[in-house]
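Colleague: So the sequences go chain by chain: A and B. Basically our numbering = 1-based index in the first sequence + 3. Basically our numbering = 1-based index in the second sequence + 4.
Be aware that a few hints might be false.
[As the list claims (entries may be wrong)] Partial list, derived from the structure: chain B residues whose beta carbon lies under 10 Å from chain A: (1) 24; (2) 37; (3) 46; (4) 52; (5) 62; (6) 68; (7) 69; (8) 83; (9) 86; (10) 90; (11) 93; (12) 95.
Hints were generated in silico from the structure; no laboratory data involved. Every residue gets a Cβ at the ideal spot worked out from N, C-alpha and C, and that includes glycine.
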Amino acid sequence: MQKLKLVVVGNGMAGMKVVEELLKISPDLYNITVFGAEPHPNYNRIMLSPVLAGEQNFDEIILNDLSWYEKNNIRLHLGKKIARIERSRRIVQTEEGLEAEYDRLLLATGSNPLILPVPGKDLEGVISYRDIHDTQAMIEASKTCKNAVVIGGGLLGLEAANGLKLRGMDVTVVHLAPWLMERQLDRTAGKMLQTELEKKGLKFLMEKKTEEIIGNNGKVSGLKFSGGEEIPADIVVMAVGIRPNISLAQSAGIHCDRGIVVDDTMQTYDPRIYAVGECVSHRGKAYGLVAPLFDMAKVCANHLAMMGIGRYTGSFTATKLKVTGVDLFSAGNFEGEGEAIVLNDAAGGVYKKILINQGKIIGTVLYGDTVDGQWYFRMLKEGQDISEIRNHLMFGQNHLGNAGHEGHSQASLMTDDMEVCGCNGVCKGTITKAIKENGLFTVDDVRKHTKASSSCGSCTGLVEQILASTLGGGYAPKTSTEKPVCACTDHTHQDLRRAIREEKLLSIPETMAFMNWKTPNGCATCRPALNYYLVSTWPHEAQDDPQSRFVNERMHANIQKDGTFSVVPRMYGGITNPEQLRRIADVAEKYQVPMVKVTGGQRIDLLGVRREDLPAMWADLDMPSGYAYGKSIRTVKTCVGSEFCRFGTQDSTKLGMTIEMAFDRMWAPHKVKMAVSGCPRNCAESTIKDVGIIGVESGWEIYVAGNGGIKAEVSHFFAKVKTDQEAMEYSGAFLQLYREEAWYLERTVHWIARVGLDYAKSRVVEDEKDRKALYQRLLYALSGERDPWKSVVESRAKPLFEFVEA
Amino acid sequence: MENWIRVCEVEDIPVLGARVLKGRGIALFRDGSGAVFALKDKCPHKGGPLSQGIVSRGQVTCPLHGMTIGLCDGRAAPPDEGCTETYSVKIESGQVFLWI
Ligand code: SRM
Ligand SMILES: Cc1cc2nc3c(=O)[nH]c(=O)nc-3n(C[C@H](O)[C@H](O)[C@H](O)COP(=O)(O)OP(=O)(O)OC[C@H]3O[C@@H](n4cnc5c(N)ncnc54)[C@H](O)[C@@H]3O)c2cc1C
Ligand code: SF4
Ligand code: FES
Chain A
4 MQKLKLVVVG NGMAGMKVVE ELLKISPDLY NITVFGAEPH PNYNRIMLSP VLAGEQNFDE
64 IILNDLSWYE KNNIRLHLGK KIARIERSRR IVQTEEGLEA EYDRLLLATG SNPLILPVPG
124 KDLEGVISYR DIHDTQAMIE ASKTCKNAVV IGGGLLGLEA ANGLKLRGMD VTVVHLAPWL
184 MERQLDRTAG KMLQTELEKK GLKFLMEKKT EEIIGNNGKV SGLKFSGGEE IPADIVVMAV
244 GIRPNISLAQ SAGIHCDRGI VVDDTMQTYD PRIYAVGECV SHRGKAYGLV APLFDMAKVC
304 ANHLAMMGIG RYTGSFTATK LKVTGVDLFS AGNFEGEGEA IVLNDAAGGV YKKILINQGK
364 IIGTVLYGDT VDGQWYFRML KEGQDISEIR NHLMFGQNHL GNAGHEGHSQ ASLMTDDMEV
424 CGCNGVCKGT ITKAIKENGL FTVDDVRKHT KASSSCGSCT GLVEQILAST LGGGYAPKTS
484 TEKPVCACTD HTHQDLRRAI REEKLLSIPE TMAFMNWKTP NGCATCRPAL NYYLVSTWPH
544 EAQDDPQSRF VNERMHANIQ KDGTFSVVPR MYGGITNPEQ LRRIADVAEK YQVPMVKVTG
604 GQRIDLLGVR REDLPAMWAD LDMPSGYAYG KSIRTVKTCV GSEFCRFGTQ DSTKLGMTIE
664 MAFDRMWAPH KVKMAVSGCP RNCAESTIKD VGIIGVESGW EIYVAGNGGI KAEVSHFFAK
724 VKTDQEAMEY SGAFLQLYRE EAWYLERTVH WIARVGLDYA KSRVVEDEKD RKALYQRLLY
784 ALSGERDPWK SVVESRAKPL FEFVEA
Chain B
5 MENWIRVCEV EDIPVLGARV LKGRGIALFR DGSGAVFALK DKCPHKGGPL SQGIVSRGQV
65 TCPLHGMTIG LCDGRAAPPD EGCTETYSVK IESGQVFLWI
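Excised from the complex, chain A in its bound form (with noise of 0.2 Å):
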């Protein structure tokens, strides 16, 4: 088959971008070219400060350098600007009249800065900031002149003046508001920005307009604003906005206002026209931070391969300052409707405000510590309800716990050498090198590239943390409804359960086939989720894929570091005998078990086992499997209990060991955890399970969605109930929304986090008919489920744990 031609003009990030996703879904749909005016591959504009702060040099901050184009047979025309699009032709031509075919043309010709209309603006020393270009002319400045003006306080203003002023120059920067960064600050927080930037040396020049920059032969010497002032000027940096840059498309003819008009699949008025990038108008909105343009490039890049999925629905932006020393924090609405909270500590720096509506925040402002911007923001991206922890708020994510990292969570105060990842050893220092070096923009990037935050994810904030301050505004963390599961599909987790739900999907190829999978067999993340939804979907009907369960499902035993597996047999809410514990024993002595340890969850595990020894130490054990390796139920960890403890009002260690018989097997998104204690001085520790029961004098108190692992988190009180029958019935029916509606490896207190618990109310103890419902459908689906041990026991094939001979 003939390729098709894709021109792309905009040698920039956003256009590049397009390229790279394309690429990775459909390499060989299209022969393409590329158009760019700058004479140089792509680069991270981002880092230009940091250049010119002398912090990064030129060739660190490339992204794709030549050799990425040849490799991938791009053709790449450099410093070549596109003159003219011929629409009806199909072809582009440059100022010097070489022209390229296309069959799809994607524009990304970013924006151009302002130039204010004064007299003197075209004077020698006049220097807009854009590209490497204006900042080599800022660096070479720097080394002979000593004046430097910048006009305008905005974010490109100021990291300009800080880069001059790291470079020895004298500088003034002259802005028109009251305060600086007033898109972004309120004044309170543009007005210790100030304060700050000026011990570091900078001057300012408030409500000031330019009227006129003052040349001598030819060269800038000064600038006059209206009254009359002057100040000598050796230099004049204008950063005073960017504009789209449309005159190509508008030239050919192509719909534009603010910008070129895309819907949302990147389409401009011409369908064989795409844009993306800051030349674009979206919704009548305009991005100039690069985080709205990756998520643009995806869905442009899903609709060249012709997938004809995904959507582009807006972006919240966010931004930060990087200036090496200020941390600022700026995102969403900041001054209109609603309630603040504010905290304002004027001698120590910090200045916080959040923004409430409706128990939802709407922006945020901070200053001094910033640590907590990227929670608020996806908070407010998720448009979560905040009602539960408003008390907390203002203290931080960190206020509400997090294991491993007490103390130390603020990442800008954290030297390079201490540790992020507590699970993988990573320091911050080898964190903020792999982002600059390999131009990472997201925690996935991260996660591969240094393996912080890939174990258990507790630091997955300070990770954001990083990225933010090391990329400014650059860094958008993704909320999770709108993740795709893996690499390979565009699907999020919602996607998938709607569609095997409403299509009655019943096998992975078949759900595969159906959402137009990109990869032929999946990967170990979205084979493990598909697997689940099918099972817990469509029990007894759907095939469950023993190849996409993780190892500890297959082998029904924990895998161990040496590849040795740990048995752990159930103790129905943590009582044994004496007979069992014989056994036990004897199993531990026959197979030579390196370990026996009592475990935090009531029972006993057997630590080293090899592999082939496994069914015949299930065979001697005769002992359901206690499932210690499965997202399924755990423990129900029991109390004493009425029976013996002078406490007790209720018999928890009955109700225990009657739940977890009759919960037992129960595959979920995640492992579950329950606990049931005879009173409320609760010795089962009830209140950090998944779902825990108290016993009170006048029945049961059941509480749900607690955890206390990487993020403890105590149980929200969910019903009380009298009988232990209606105990059973309300966990049952929670459990089994959870295990509808809840996506794979999220845990009760995440799902809750993200659903509220007012919707599970609603479902379960509100409506009965509703409780019942799930109930019966949670017993439907363990109904004739087999302990797996005493299957494989059983099969003659047992071919899992056979080796072959040769």
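Got chain A sorted already, so can you dock chain B with the ligands onto it with the hints?
Modeller: Frame of chain A; chain B with the ligands shown alone:
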């Protein structure tokens, strides 16, 4: 002495699964395309048993810390680094032979 030895039938290895050659620590994989591959059953990272990982087309994900290893060349997918020994495999009338 090196030569081709018969190890098992193709059907002994589950599709998208693996088996281990006893006593030799060699893992045999069968991927989604039906091809059979042989790798040392030892991850280049910390020695995890690759035979226990999840297999997809052309690669296996180590069960211990999730490195992805190419079935053809034994190489870890970038940005990870490392390489596991590979062995030549041939299939004749449903029988798997290994060059060792
Ligand atoms: C054996 C045990 C430790 C012990 O010796 O006491 C244990 C051992 C492991 N835990 Fe645990 N956890 C054990 C109780 C706990 C508890 C306490 C409890 O259940 O009362 C917790 C905190 C409570 C909770 O989960 O909310 C706990 C929180 C974790 C976590 C973090 C979960 C979270 O969502 O935050 C993980 C990681 C995961 O599951 O992804 C984990 C993972 C693990 C794994 C499976 C690590 C792994 O993936 O290989 C360990 C397996 C060792 C093995 O091969 O047997 N273990 N783990 C405990 C087994 C209890 C049981 O009888 O089944
Ligand atoms: C100094 C500076 C600091 C920044 N800091 C941040 C930050 O911290 N966080 C953040 O999110 N964003 C930041 N930005 C903004 C970010 O860099 C831009 O949003 C992003 O680069 C826009 O990507 P783009 O592809 O749309 O445009 P560009 O990257 O500008 O690429 C457009 C390319 O098209 C070329 N071109 C234009 N017309 C033609 C034509 N007719 N023919 C051929 N080629 C053409 C241009 O020469 C240019 O190379 C910063 C920008 C600057 C300048
Ligand atoms: S048993 Fe749990 S806490 Fe202990 S090392 Fe393993 S995962 Fe970590
Ligand atoms: S041992 Fe394989 S990834 Fe660590």
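Colleague: Which of the listed hints are broken here?
Modeller: Violated hints: 9, 10, 11 and 12; rest satisfied.
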